[in-house]
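Trainee: Letter by letter, the chains look like this.
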Amino acid sequence: EAQVTQNPRYLITVTGKKLTVTCSQNMNHEYMSWYRQDPGLGLRQIYYSMNVEVTDKGDVPEGYKVSRKEKRNFPLILESPSPNQTSLYFCASSLSGAENIQYFGAGTRLSVL
Amino acid sequence: LAKTTQPISMDSYEGQEVNITCSHNNIATNDYITWYQQFPSQGPRFIIQGYKTKVTNEVASLFIPADRKSSTLSLPRVSLSDTAVYYCLVGDTNTGNQFYFGTGTSLTVIP
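Just so you know, the sequences run in chain order A and B. The end of the first sequence is residue 131 by this note's numbering, with every number in the run present. The end of the second sequence is residue 166 by this note's numbering, with every number in the run present.
Honestly, I wouldn't trust all of these hints.
As the list claims (entries may be wrong) - Derived, one-sided and incomplete: chain B residues facing chain A with beta-carbon distance under 8 Å: (1) S96; (2) Q97; (3) P99; (4) Q104; (5) Y155; (6) T158.
Because the hints were derived from the structure by calculation, they are not lab data. C-beta: ideal position from N, C-alpha, C; glycine also.
Just need the whole structure built from these sequences, with the hints factored in.
Mentor: See the structure below:
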């Protein structure tokens with residue numbers, strides 16, 4: 019089954035403790051992206067990747083890192099999480115870039131205390 | 056940047072046709088218009104995509120005027136299960152494939 023898998027689905031952590039949210043897709047998609055969703059602000063793009071070893075900043079990249087060492091994986095790294103990064107995070111992938119349909123993961127709900 | 060503007064919320068009775076309009080005044084020549092549906096605590100799901108004129112699939116229709124500065128998603132005969140947030144998205148090829156979802160339109164279907 020074609021899917022985008024995020025882990026973990028739920029995470030509670032404390033300020034400053036480094037964490038990684040994994041994202042994997044099995045559709046051989048070139049384009050992958052991370053979004054965060056907050057009440058009243060909709061979905062905002064954090065980082066995206068056009069292909070392996072190519073990443074670019076989205077609308078709200080501060081406090082986040084990503085890497086794309088393999089085509090199927092696109093982890094989101096919070097080196098020193100802060101409470102303002104408490105949010106619902108979604109990973110997505112598409113065949114290529116802007117003209118293609120994005121497929122979303124189920125989401126990761128992160129709470130930073 | 057091709058950002059979009061949509062109504063924040065809409066209500067409709069079951070069985071009615073619902074039209075949600077999205078404004079995208081700065082759309083670029085190569086940009087497609089895509090609509091997504093999102094239920095609470097789930098990832099957005101693709102509904103329909105178009106470039107110009109009219110596109111129809113089993114779920115919805117998308118109307119795009121000649122100037123492409125707006126688009127209208129049409130949901131025929133909505134049911135309670137269509138209650139969701141609907142996002143209009145314009146891919147911005149000029150900025151290297153960055154996306155702006157905005158806040159979407161929260162549709163509530165009333166029995």
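Trainee: The structure should be examined with respect to each hint, and the outcome stated for every one.
Mentor: Verification of the hints:
1. The beta carbon of B:S96 comes within 7 Å of a beta carbon in chain A, closer than 8 Å, and the hint placing it at the interface holds.
2. Residue-level restraint check for B:Q97 holds (minimum Cβ-Cβ distance to chain A is 7 Å; threshold 8 Å).
3. Given hint, B:P99 at the interface with chain A, holds; its Cβ is 5 Å from that chain's nearest Cβ, closer than 8 Å.
4. Because the smallest distance between the Cβ of B:Q104 and any Cβ of chain A comes to about 7 Å, under 8 Å, the interface hint for this residue holds.
5. Checking B:Y155 against chain A: minimum C-beta separation of about 7 Å stays under 8 Å; hint holds.
6. With its C-beta approaching chain A no nearer than about 4 Å, B:T158 sits inside the 8 Å limit, and its interface hint holds.
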